[in-house]
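Following the hints, complete the assembly by docking chain B onto the known chain A.
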Amino acid sequence: MIVQELFRLQREAGYLRKQSLLDISAATGVPLYRWHEVASFFPHFRLAPPAATEVHVCHDMACRLRGACDLEKAAKQVAAKAGDNKVAVHGVSCLGRCDRAPAAMIDEHLHVGSTAKEFAKLIEAYAEGSPPKHDYDADQSRQNADGWSIDPYDKSNSSDSTLAPYDSIRRFAEQKVLSAKDVISALETAGLLGMGGAGGRAYKKWDDVLRAEGDQKYVVCNADESEPGTFKDRELLLRTPWIVLEGMILGGLVTGADRGYVYIRHEYHEQIEAVQAAIDAARRIGACGSSLFGTSFRFELEVFVSPGGYICGEQTALIEAMQDHRGEPRNRPPQLQTNGLWNQPTLLSNVETFAWVPAIMARENGKWFAAAGRPGMQGRRFFSISGDVAKPGAYEVPNGITLGELIDDYAGGMRDGLKFKAVAPSGPSGGFLPAKLPTTALRRDFSSTLKTKADFFDLRDWTLDIATSRAMGLMLGAGIVVYAEGTDMVDQAWACSRFYRNESCGKCVPCRIGSQKLTEILGNILERNFDPKQLDSTKQLVDELGGVMAITSICGLGQVASAPIRTLLEYFQDDIVRHLKSS
Amino acid sequence: MKNESKKSVAAVLTAGPLAAEVLFDPLNIEEEGLFSRDIDGQLVRLVDSTASDYATDIHLKIDGRAVTVKKAVPTRDSQGNIVNDAEGHTVPRSTTIYDAASEVFVEKPGDVNPIPILCHREHMQPAAVCRVCVVEVFRTVDGKRRGAGSLVPACHHQVEEGMEVQTIESANDPESGTRVRAAVKVLTELLVADHLSESALATAADSEFVPNELTALAKRLDIKESRFARTKKVPIVDRSSLRILVDHSACILCERCMRGCSEIRENYVIGRAGKGYDSRIAFDLDTPMGESSCVSCGECMISCPTDALTFKGDRQSQQKFEPGESATTAEELLRLPMFAGIPFKFLQWNATSIVRQRLKKGEVLCEEGEYGRDAFLLVSGEFDVGTNSIAGRESKQASGWLWKWFGKQSNKFVASTSKPGGKSPHMYSGRQSIRLTSDAVIIGEMTCMSHYPRSATVTAATDAEVLRINRNVLYMLQRNEVAREILENVYRQRALDNQLDSISMLQSLSSDQRSECVAMLRECVEFARVDPGQVIFRQGEKANDFYMVRLGFVKVTQARGTQERVLNYLGPGSHFGEIGLVSSLTTELQSYSDGMDGRRTASCTALDDVELVRIRGEHFRELWKRFPNIQPAFLAHAKTLLERDREEQAKATTSLPEFLDQGLFNAQKLLVLDLEACTRCDECTKACSDTHDGVTRLIREGLRFDKWLVAGSCRSCLDPYCLVGCPVDAIHREGSLEIRIEDHCIGCGLCAQNCPYGNINMHGFVVDMINSDMADSEAGGGKRAVVQQKATTCDLCRDIVKSNQDPSCVYACPHNAAFRMSGEELLSRVQQG
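Chains as they are written, first to last, in the numbering used here: chain A, 1 to 583; chain B, 1 to 833.
A few of these clues could be false.
Stated by the list, open to error - DSSO-like, lysine-lysine: derived pairs with alpha carbons at most 30 Å apart:
| hint | chain 1 | residue 1 | chain 2 | residue 2 |
| --- | --- | --- | --- | --- |
| 1 | A | Lys204 | B | Lys802 |
| 2 | B | Lys232 | A | Lys76 |
| 3 | B | Lys802 | B | Lys320 |
| 4 | A | Lys86 | B | Lys233 |
| 5 | B | Lys219 | A | Lys539 |
| 6 | A | Lys73 | B | Lys144 |
| 7 | A | Lys419 | A | Lys391 |
| 8 | B | Lys233 | A | Lys18 |
| 9 | B | Lys224 | A | Lys539 |
| 10 | B | Lys802 | B | Lys686 |
| 11 | A | Lys453 | A | Lys419 |
| 12 | A | Lys533 | B | Lys224 |
| 13 | B | Lys71 | B | Lys542 |
| 14 | A | Lys73 | B | Lys233 |
Simulated from the structure, these hints should not be mistaken for laboratory data.
The shape of chain A in the complex, shown without the other chains:
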């Protein structure tokens, strides 16, 4: 209620007027502090009047590589020239358009790929009251979607063209030829993993929610994709929302949940519309609503627009936000499968995890998916790849391809024939790994299995599989950012560290203060206010602090927030020395 009311009040007045908060508190009996703690937490809400033109420029990772700082500078010059409260410029983290960097929003309209000069012109046009044409995610051709096999109903890409969307729902609810047990065993056969990052086994989660006791159960789709470098869900939601919904509805049928929410970040306007349209369409044909295909099964679906913040992608923080609290993660256990939304059993998964379910169910009950990976690997998956590659984008690939294949065969190789220097294998969460990784950095039990004993491991040979990566001791996410020779890793690491500092919810001490201290240390290096002789002692302190953050923070954000600085100090000391010497 609070979040929705705040959205409404802000829509009405452009910001949250003090008087409206006083009024609504008096009318509802909800204490003032509750309104303020929610309103002041989420970046979407404004407690002061906005400027006439509001500019948001992404300044991290791929956008930073492609001149975001120049854009920000140019925008600030325009703002200074325009005068008081005409134009306000905010640097933000990841708008989810890393493939069309640099990305920015002017008055919540998307503008991608501009030069600083073009960008200044755009802002001026807005400020003069004649907004120019803006960009859409839908502008992009379907080139990235070619070769996708995730949608079993796609006539152009696959051979299952006889089927119609929501086939598994019909089979479950209407024809009753599919049982909860069948679905769970198909997911187990398929070997589907959670695609939100943790990589848990999907069938187990479904089974946990099925077995959990609760009067009411929920299905929640985490579409709050906000990690820098990650934008695959954006494409799935826009191009094939029905398979996401089908996965959710089937999840509801299997686990006994009859309500589902798609929690989408507020910057994904087109995706919100696409999902809403897909829900309406599903309702029309009886695939969701109070009676599924005329049966007594029911499943209600709703879009929940996130009031913002990377932290809400953390599953328990997302649930807290849905419950009108600050998006602060919960202490676990208990897990969401048993104590989720409103303390009820909740099946919460990433967009892609739900999206794979229809294909798994449509094709040999999981056997097709299980066999779709490279030899020894199961399934297919999506990667968002951006940075210094020729064709950044969201690609569906067989599980088990190498990083080299992803770069060369999918992303068109390195941009302008540049040399591959480093990779961020999980947005900023895994830090930065050099193209030639010292074998000492790999787990000993893994490096001992390498055929050739070498001092360095060529990262192009890295098999992009979660289990393999874990065995190597490396973190693998869904958003991969590639850096070419010439990149200043100090600058990148500082921006990523700042990202965690900015996005920390502030609930627990290690993350709240730790992320600040790490950013300050990197800031000193960035500002060249640092003596290279301190490198060893700094590294030791940073490793200790980062380690403590990893084992004491409540959620994953604090656990990985030290990765950028730790990997910088571990692998890129040359960059640091070079940076300190440069002017």
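This is chain B only, laid out in the frame that chain A set:
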């Protein structure tokens, strides 16, 4: 140990390139907690604890020491009292690792729990945000010991069967102990860098007493200076509140103030504002504290572990003392075992409420029969406690009419205390006078808590010293586990002595038997607290326990057909529940019981805050068997009550229950207007207003009984609910009947809320004219009025008239229509027509 652990951290850290990962490996962190699943692999749903968890043993090891604790403990409120739900049952909550460690390692005052805490307090819902209580847990499955990789907060994580816990003090697993200690140290250094000045850290090193809990933790961990750079944040200090200074730079965002404000006091003012590193506490919509809806109850400040919320001003310097009295300081009090663990700032805030009093031999500490507000902590010397006069008992029995009206047998059974010369149910009894040493810890606590007059006179038998404390301090002592235990033992002893005296059926015991009986019961009686309106047991239920009333009133009702009839009201010193028990032990009551042997014949409901002594059925039966000479008396008593019930049934019902529902049984000085004589001239209101600086304290409106109007004015209740909970102890009854609200009232409105009859009103008073630039507020220059809300209520005009004279309202009535009378008198007038 400290040096060793330092060495081993360094040793492990320098062992290889990413060596810190040996200590802290993010990739080793399990997505699920170690105890997320049961042994069958089923994910465990967290459900509210149930009463059966009280009986479930959990075996775990803490730092290698085997420990057995119950799976749940009863939830306690901020006073340390066990909380009851509407059915009168305690509310179980899961036992946490921290609870378990307290149970094992804290046995006496001064013992230290190996697990440090900052954001946690026993009476609060754990927030687990500061993380300094982290411990490492291990679980052995199929003979394989597994760790979770990450640490868990002990304040929040519940105990689990077979859990192995390593704290920062762990010696049996040095690697784990080192890891936990290193983690807690880094966390503390982070807090120190941002929230503690260098000077605070330096001074703490040499001082024995460190009130700031963060400083104390830094000292405990031997942190001289943080290895992290100090914060560059500009300190923000909010001086807008008259009472409390807010220094945001010292705030560690532990949320204790927030929970104190909303969970304990239910004021709902403080929240977290902003996000991440810029988070801070905020009042309402982030307004300055002094301009917010804060009522200055002080709970946030007392809850605050650091110097973020501190007491402003100095109430103590204006304090006046009687001869023999002197002030105490928070520092000296904290050295007494009883006060160990009490928040320093609470003692500051309540500085005027703890007074040292030295008595010469023969001096009287308190007199039987007088109203009082203090309890006395005995520091040294010996005391004679005696019931010498009848006067005290008479005034205490002001509510005796109630049971006289109802119970024809009241003199015999319900309240043996109403017999002149009988034994006092209240304090020390049985003997004319007894001698106490300071081992007795405390005296006078019943008056302090219940507001009844003193039941005994206490005289110094030697030169002696006591600390006079008021109710707020007594409550705070109960919040502290160690002090609570000391006090409960004292209460247990006394309550038993007193209560057993009030049971006439036990009079047949010889004095030896009596001691044997007391000794037996001392071990097994329980204390129960029941909230107003709560049913203690219901008619028809199986009879389990026998009860004695320590404090408050219990309503006894019986349903016949569709009618519910009030049979009796039981006050302090009375007992109930015996019929159902006796009828299960003998066949002699069968003629009364309609085959309902062993069942409750009536329902018992708490009328206000009631404290009970409970004797469990099994112990009652043992008593019955062991002391057969009590059986005839119990039987006779039960028969009499049952016979009375029969007689009652034959009679028509009265309107009395309604009359009682309005709380009139509790009233001692109702302002009653005879509407036949009253011309509505309003002279009474004017007189009241003239007497009290133009603010009237009576409202000529209210309940009507026949021609009588009960006007809105303080009733001087026998058990005044308004006295409960005043955060600054500004409302009392002392010496005589009237309720007084003292000038240091902060206008929080709690007493006005507590008065069920709306007889306390809030008014704004100009307390001062100040120069704005000298004031705490940041407003512009010039003089301005400081308006302070204060509570007002009828004081029976005690400042201008003697206790036997009429107050202004009655005196001023030109038509002889205004009277002050008790509920009993009003009832008899109504009944006379």
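(request) Decide if the proposed pair is consistent with the structure: Lys419/A and Lys391/A, CA atoms, cutoff 30 Å inclusive. (result) 15 Å, holds
(request) Would you check the hint for Lys533/A and Lys224/B, treating anything up to 30 Å between C-alpha atoms as holding? (result) The hint holds at about 24 Å.
(request) Compare the distance between the alpha carbons of Lys204/A and Lys802/B with 30 Å, and conclude whether the hinted pair is satisfied. (result) Since the Cα atoms of Lys204/A and Lys802/B sit roughly 81 Å apart, the hinted pair is violated (cutoff 30 Å).
(message) Run the distance test for Lys232/B versus Lys76/A: straight-line Cα separation, threshold 30 Å.
(response) 25 Å, holds
(request) Compare the distance between the alpha carbons of Lys233/B and Lys18/A with 30 Å, and conclude whether the hinted pair is satisfied. (result) Status holds; Cα separation ~26 Å.
(message) Run the distance test for Lys802/B versus Lys686/B: straight-line Cα separation, threshold 30 Å.
(response) The hint holds at about 20 Å.
(request) Assess, step by step, whether the Cα of Lys219/B is no farther than 30 Å from the Cα of Lys539/A, and give holds or violated. (result) Roughly 26 Å separates the two Cα atoms, so the pair holds.
(message) Lys86/A and Lys233/B were given as a pair; does the straight-line alpha-carbon distance stay at or below 30 Å?
(response) Within the cut-off at roughly 29 Å; holds.
(message) Hint check: Lys802/B vs Lys320/B, CA-CA at most 30 Å. Holds or violated?
(response) 24 Å, holds
(message) Given the hinted pair Lys71/B and Lys542/B, is their Cα-Cα distance within 30 Å?
(response) 28 Å, holds
(message) Just to be careful, I want the Cα atoms of Lys453/A and Lys419/A compared with a cutoff of 30 Å; is the pair within it?
(response) 24 Å, holds
(message) Need the status of pair Lys224/B, Lys539/A: alpha-carbon distance at most 30 Å?
(response) With a Cα-Cα distance of about 22 Å, the restraint between Lys224/B and Lys539/A holds, given a limit of 30 Å.
Violated hints for the displayed structure, listed by number in ascending order: 1, 6.
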